[in-house]
Amino acid sequence: MRMTSHFRQFLGLGAIAALFVLGGGYAQAGKKNDTLLWLTEFEPPTYDFYAQTNREGVVLAKHVWDTLIERDLATGEFKPHLATSVTYLNPTTIEVKLRPGVKFHNGDLLTADDVVFTFNWQNDPQNTKVAARSRTDWVKNAEKIDIFTARLHLKEPFAAAMAFLESSVPIYPAAYTKAQGSDGMSRAPVGTGPYRVTEVARGKQIVMERFKDYFGGVRGQAKIGKIVMRFVPEHNTQIAELMAGNADFIWRVPKDQAEKMKGRRGLNVTVGDTMRYGYLQFDITGRPGAAADPVRKLEVRQAIAHAVNRAAIAKSLQGGGTVLDLTCYPSQVGCASKSAPKYDYNPSKAKQLLAKAGYPNGFDVDFYGYRDRQLAEAIMGDLAKVGIRARLQWLQYAPLRDKVRKGEIPFNFMTWGSASISDVANSTGYFFAKGPDDTTQDAKVVDMLKKAGAEVDVAKRLAIYDEAHAVIARNVYWVPLWSYVYFYVMTDELRFQPTPDEIPHMYRASWK
Amino acid sequence: MLKYTLHKLLVAALVAITVSFVAFMLLRVSGDLATALGGESARGEDIARLRAQLGLDRPILSQYWDWATRALVGDFGRSFYYPEPVWTLLRERLPVTLTLACWGLVISLAIGIPLGVLAALRPNTLIDRVAMTLAVLGQALPTFWLGLLLIILFGLVLRWLPMSGTDTWQHFILPSFVLGYYSTPAVMRLTRSGMLEVLATDYIRTAYSKGLPHRTVLFKHALRNAVIPVVALASVQFGLMLSGSVVIETVFAMQGIGQLAWESISRQDFPVVQAVLLLVSMFYVWLTFASDLINAWLDPRIRAG
Chain F
1 MRMTSHFRQF LGLGAIAALF VLGGGYAQAG KKNDTLLWLT EFEPPTYDFY
51 AQTNREGVVL AKHVWDTLIE RDLATGEFKP HLATSVTYLN PTTIEVKLRP
101 GVKFHNGDLL TADDVVFTFN WQNDPQNTKV AARSRTDWVK NAEKIDIFTA
151 RLHLKEPFAA AMAFLESSVP IYPAAYTKAQ GSDGMSRAPV GTGPYRVTEV
201 ARGKQIVMER FKDYFGGVRG QAKIGKIVMR FVPEHNTQIA ELMAGNADFI
251 WRVPKDQAEK MKGRRGLNVT VGDTMRYGYL QFDITGRPGA AADPVRKLEV
301 RQAIAHAVNR AAIAKSLQGG GTVLDLTCYP SQVGCASKSA PKYDYNPSKA
351 KQLLAKAGYP NGFDVDFYGY RDRQLAEAIM GDLAKVGIRA RLQWLQYAPL
401 RDKVRKGEIP FNFMTWGSAS ISDVANSTGY FFAKGPDDTT QDAKVVDMLK
451 KAGAEVDVAK RLAIYDEAHA VIARNVYWVP LWSYVYFYVM TDELRFQPTP
501 DEIPHMYRAS WK
Chain V
1 MLKYTLHKLL VAALVAITVS FVAFMLLRVS GDLATALGGE SARGEDIARL
51 RAQLGLDRPI LSQYWDWATR ALVGDFGRSF YYPEPVWTLL RERLPVTLTL
101 ACWGLVISLA IGIPLGVLAA LRPNTLIDRV AMTLAVLGQA LPTFWLGLLL
151 IILFGLVLRW LPMSGTDTWQ HFILPSFVLG YYSTPAVMRL TRSGMLEVLA
201 TDYIRTAYSK GLPHRTVLFK HALRNAVIPV VALASVQFGL MLSGSVVIET
251 VFAMQGIGQL AWESISRQDF PVVQAVLLLV SMFYVWLTFA SDLINAWLDP
301 RIRAG
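So the sequence lines, in the order shown, correspond to chains F and V. With my numbering applied, the first sequence has no gaps in its numbers, which climb one by one up to 512 at the end. With my numbering applied, the second sequence has no gaps in its numbers, which climb one by one up to 305 at the end.
Keep in mind that the hints are not guaranteed to be accurate.
As the list claims (entries may be wrong) - Quick list of in silico lysine to any residue cross-link-like pairs, SDA-like style, CA-CA up to 25 Å:
hint, chain 1, residue 1, chain 2, residue 2
1, F, K204, V, C102
2, F, K144, F, D113
3, F, K103, F, K204
4, F, K140, V, L50
5, V, K210, V, R224
6, F, K144, F, K155
7, F, K262, V, R159
8, F, K212, F, E56
9, F, K385, F, A357
10, F, K204, V, Q170
11, F, K129, V, L56
12, V, K8, V, S291
13, F, K129, V, R159
14, F, K204, V, L279
15, F, K434, V, T5
16, F, K403, V, L196
17, F, K79, F, K204
18, F, K140, V, G44
19, F, K129, F, I147
20, F, K204, V, T99
21, F, K434, V, C102
22, F, K434, V, K210
23, F, K79, F, V116
24, F, K262, F, W511
25, F, K262, F, A312
26, F, K406, V, G55
27, F, K351, F, A336
28, F, K451, V, L61
29, F, K403, V, E45
30, F, K129, V, P85
31, F, K32, V, F238
Claimed, not checked - Residues from chain V that keep clear of chain F, each with C-beta distances beyond 10 Å, as calculated:
hint, residue
32, Y4
33, V15
34, Q63
35, I151
For the record, the hints were derived by calculation from the structure and aren't laboratory data. Please read all numbers here as calculations on a predicted model, not as lab measurements. Just so it is clear, CB atoms sit at the ideal spot from N, CA and C, and this is done for glycine as well.
With the rest of the complex left out, here is chain V (with noise of 0.2 Å):
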């Protein structure tokens, strides 16, 4: 076990410094950061002052080393567009996208798994197609469009709920919604395929014939075992709902890190864009490690390569 953790450890190191300097590269090679930061007022003079003021002149791996560096200490450098740090700004606005985050996922497991469920003991019949459609509805829905539309009907003609900002927490009930909705298909899936394979399993012929009652099979039994995988998926879908909340964040006016990253990338505030990359795709690579751990701690066979 330990030596297949220090695998899995080197491969994320690798993941997370290549996704760090393929960033880096992209981010510079699309034009001149100096004349993009100055806008169009900006004349040669205050371009050339900026541009040395930020360190553009140097060359670019030395530009990389200098920020690899200091970034492993936290250190994300300045925002080019605010004037703090843009470890301050990744502070202020994380919150915003975790509790987004957070509520996205309980959502998208709360109709995902009873769906996947209803469809798997009702395979191929009417109920099956209704909760596959519901659920598949939510990934072919663009997430801006869905937005707009629950800001209609529960903000604009019922009055319910607010439309944009982060105030209060019916704030996040909309955005929460649209993000969970959005992720429901593959854990709806994922399960119906799980609850389908157990269900068909000796054991549960088993269970049932020991004469105990459908529910207690049904959630004892089948259902425990069938979602074993779902919690794997839910770390990657917290993951998705991170670095997806961006269009989100910007229909419902909440300042969390997507809408930052959004702003950044229009700004070519790099050092942001960068933070926030670098931010997600860490993420990304320990959920993905913790769950290759804990799926190598459940089956024997994954550790023994």
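Next comes chain F alone, as it looks inside the complex (with noise of 0.2 Å):
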């Protein structure tokens, strides 16, 4: 009953390729109803979004509840969106005045107490619901100044508190939340967002109808009247459900199955670079696991660099993707540097690179990955030309990371998400601050980045990120490589356009 990932895909693609010999109707049901069935693989294990990390989760809350700023997704703007204003009244204390007027899905008004009770709420340690407490508790505690003015007093200066107020403090009803709990909220969510929820139907779907109360915002009002996302895990089933007019979107589907449906008659392919992206990652601390290690050299690192074709990887296998020179997306506020050097796909450099380091007939090395054995092998393809023998050790993401903190292993494919939060803070300022991913320790790097993270002064603080991804860059302490990309098929009648995010936001959907 067992089957390795490969056979299931060769197998589900033997099955796709069945289906369009055998060919099927195609029923547009969605329009007609102004109801959007998307299928989707994973149930967040609560509807609490507090409560989860669940990539499902962080979508859902995109519709259901609201955050202070939020994101121009043209421009890349911050701007107010539940909050008239967000303002540095000193560097830890920011005031938040709230636009008047909102409504929650039960009526309530939105006030200052319902800001001051998200916050405070989520760093109470009595609360022992809460996944991921590192969304709220850069700030010490929350003050109501009056009914729609509350003040955020930071624990120290951090700079990447609108990335954090915009993608990770969705406001909750204190009321609501104070009588239900983190149980009722997942039960029957309660948010000011675009749609509110008429149905949880565990294990099954979540149904979502506009919330014709909604203040509209940066986000405007949703066109599409009724969501409902079903679980469905099986792509190939999703496919079939779709093609047979039971479901209007799918996404994260495999490239190979993607390409199948472009071109079939009454469905739309679209491919959509994400924030997440991948990185070769070396230990260069010296850590006993890793003392001896070639990649301890830069010029074997800068060998590396020049070595892969990442471009030719990233089109060929996932049918997409940004090429990245920085330890970054670039869309991430402080993702930029004019003085980084690049790296250019040259193999005969890279083996000059080597022959310098003293390799001149390349070497052994383990490699370590956990996701995209393909892309892996790809890589290790390129590093074999070059003379590097790449030996691929394959662990599951726990371990793997395990021993990355623990300084075993020398070279790794690792990605990264950014938890959608769109500031460098939580991509170079994560992995490079001497903290427990941070795989390098350079004390130049460390103290740059301490800084650039408590510099409220926007253009102060850009041109330290451009210094610090210089240092980086120059050192070789990772190799880039290239965004993912998702592919998202539809019926030909909905209108979507995908956002690096990771998350689809579908009250900017509209049918055709």
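Each of the two chains sits in its own frame; use the hints to bring them together as a complex.
Spelled out as structure tokens, the structure:
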């Protein structure tokens, strides 16, 4: 009964190929009923946003709740959303003035009490349901000033505050949450968002309807009347349901299957960049497990950077993606550097650098990974062309990350999604700031990132990140690879634009 | 018989304890649970908090003892992923898997026994070979692939049956067939060999010589004796179906314990995985125990040792 994922994929493709041979009509039920049927793989463990970290939970939160500020998806600019203004009174105090007249789905009016409650409840040590305290624990406490004004007192200056307010802190209704608790919020979620939840059928689906009293704000009014998110774990089943007209939208479709559906009558296939990116990580700290490895030599790391044909791999195996030069996603605030060197694909230069490093005949090295094996193997193929014989060691994510943190792994292929936070504080600022995942421990970079993290003057902060990225790139502490892409397949009656934050914003979607 | 029963009971209890212990230990040596649970975005402090909160910082034997003593009274702890207690999750999902397994078993017997009888009546002929091929195909075709083909044929092309979910009885038809068809060869082969053996016995010859009609000899005398081992096999097959529904439940989006086990393994939600393993192994143990007792009751030579 057990099958490898490759074998399953092979059989799945066979079945889908049979599906194209057999054909089958396509009914377009979504637009007629003004109901978007969206199939997705996983159900969140709970519908209380703060009690989980599941991607579907994050996606639903964007539809059911609102945040104080919102990122304009066209310009990338932060704009007040539930708030009318969010301003620093000093580096550790942020004042929030709320938009009056905003209603929760249960009819309660949004006030400063809700903002204060949201922060203080999530930071309360007695609240054991919180899944990722780091979403809110940069705030020491929140204080009500008047009915529509609240102040956030920060533990220390935190430059990424705006990005966190935008992505990680939906505002909960205080009275309802106090009465219902986390479990009650999961059974019947209540927010201010463009959609209100009308049905939670655990294990099956969640149903949302357009909230008629929605205030609009940056997100604007939703255009589609009803969204049903159904949980179907198998992609091949999702595709069959979509082709039978029992669904309107599926996402994260494997490339091979998505490409087979291109040009299919009644369907559209769209590919979109995501904030998740891949990178090659080196441990150069000289910790016991990694002490004698060639990758501690700068020339070897430079050779690896020149040896991997990132553009070709991304295009042929992923079907797209942005080739990266820095250790962050380009749209993240602070992800820029004028002086960082770039490493083009140049195998002969790579060989020269290896010879200079004392490895004219290359060397053997263990190469660790946990996902996207075919990408890892393509990297190994390019490395082999310049003489680096990588031995693939495949692990689950948790034990691999454990080993990385203990310094037992010199060279690995990892990915990172930044928790959809559009600020380098959650990419470069996390990985090179002497935390447990920092495998370089460069004191100069650590110092720069610490300063940048506390600098609330935007121009000064960006200048520090510019220099930090240049140091990281010069030393090739990582080889940033590419951003990942998602394939979305949908009825051709749906107008949908993907965004890099790995969140399909369906309140922006409409019927054609 | 009492001594035999007690002996088998002791063996069953030892098997259950061994399974639970081995499963507990294996699950814990596969990496740091707190890192797995925290997920990619959990920082070091989140992981440390999780480790302390879930008692993962205590000695492993102490963790096992606590778990086993609680499990004895039906408390399997709380899921690491879902907010509900593990027992609540199992209780919600068990009916789907049991329904699927029951229908799977019915289908397996409904296909396997007639095919076995047919093959035994015409041994080594084209009919025998066709019957054997039909049955063996069931085991040769991966359930994942067969499920998808049936979805395409009956769900997409013919539009006769729903493709995924558990809302109505129609939702169970395709997955039950896939599950049942997979178990058909064992039933078919055992029926065939049993029938061949019985048909060659003296009492069948006697029955024919008394002038009894062919149908009476076949169904009243031969089949009734030939299917006794099939009944014992069916109990084991039922256990197999409970544990074997993982892939089928995933393909047909059925929220049973198979899918729960699959999701929990990938999320390293070990309290759930342990509970599912224990539950399925207990089904196996009890079904085998019951089968042993039935066999001993039917055949005195077995209980005599």
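Structure-based check of each hint:
{"no.": "1", "hint": "F:K204 x V:C102", "in the structure": "holds, 22 Å"}
{"no.": "2", "hint": "F:K144 x F:D113", "in the structure": "holds, 7 Å"}
{"no.": "3", "hint": "F:K103 x F:K204", "in the structure": "violated, 29 Å"}
{"no.": "4", "hint": "F:K140 x V:L50", "in the structure": "holds, 21 Å"}
{"no.": "5", "hint": "V:K210 x V:R224", "in the structure": "holds, 19 Å"}
{"no.": "6", "hint": "F:K144 x F:K155", "in the structure": "holds, 17 Å"}
{"no.": "7", "hint": "F:K262 x V:R159", "in the structure": "holds, 23 Å"}
{"no.": "8", "hint": "F:K212 x F:E56", "in the structure": "holds, 24 Å"}
{"no.": "9", "hint": "F:K385 x F:A357", "in the structure": "holds, 17 Å"}
{"no.": "10", "hint": "F:K204 x V:Q170", "in the structure": "holds, 16 Å"}
{"no.": "11", "hint": "F:K129 x V:L56", "in the structure": "holds, 17 Å"}
{"no.": "12", "hint": "V:K8 x V:S291", "in the structure": "holds, 11 Å"}
{"no.": "13", "hint": "F:K129 x V:R159", "in the structure": "violated, 44 Å"}
{"no.": "14", "hint": "F:K204 x V:L279", "in the structure": "holds, 24 Å"}
{"no.": "15", "hint": "F:K434 x V:T5", "in the structure": "violated, 63 Å"}
{"no.": "16", "hint": "F:K403 x V:L196", "in the structure": "violated, 60 Å"}
{"no.": "17", "hint": "F:K79 x F:K204", "in the structure": "violated, 36 Å"}
{"no.": "18", "hint": "F:K140 x V:G44", "in the structure": "holds, 19 Å"}
{"no.": "19", "hint": "F:K129 x F:I147", "in the structure": "violated, 28 Å"}
{"no.": "20", "hint": "F:K204 x V:T99", "in the structure": "holds, 17 Å"}
{"no.": "21", "hint": "F:K434 x V:C102", "in the structure": "violated, 57 Å"}
{"no.": "22", "hint": "F:K434 x V:K210", "in the structure": "violated, 93 Å"}
{"no.": "23", "hint": "F:K79 x F:V116", "in the structure": "holds, 20 Å"}
{"no.": "24", "hint": "F:K262 x F:W511", "in the structure": "holds, 20 Å"}
{"no.": "25", "hint": "F:K262 x F:A312", "in the structure": "holds, 21 Å"}
{"no.": "26", "hint": "F:K406 x V:G55", "in the structure": "holds, 22 Å"}
{"no.": "27", "hint": "F:K351 x F:A336", "in the structure": "violated, 29 Å"}
{"no.": "28", "hint": "F:K451 x V:L61", "in the structure": "violated, 46 Å"}
{"no.": "29", "hint": "F:K403 x V:E45", "in the structure": "holds, 17 Å"}
{"no.": "30", "hint": "F:K129 x V:P85", "in the structure": "holds, 14 Å"}
{"no.": "31", "hint": "F:K32 x V:F238", "in the structure": "violated, 45 Å"}
{"no.": "32", "hint": "Y4", "in the structure": "holds, 33 Å"}
{"no.": "33", "hint": "V15", "in the structure": "holds, 21 Å"}
{"no.": "34", "hint": "Q63", "in the structure": "holds, 17 Å"}
{"no.": "35", "hint": "I151", "in the structure": "violated, 5 Å"}
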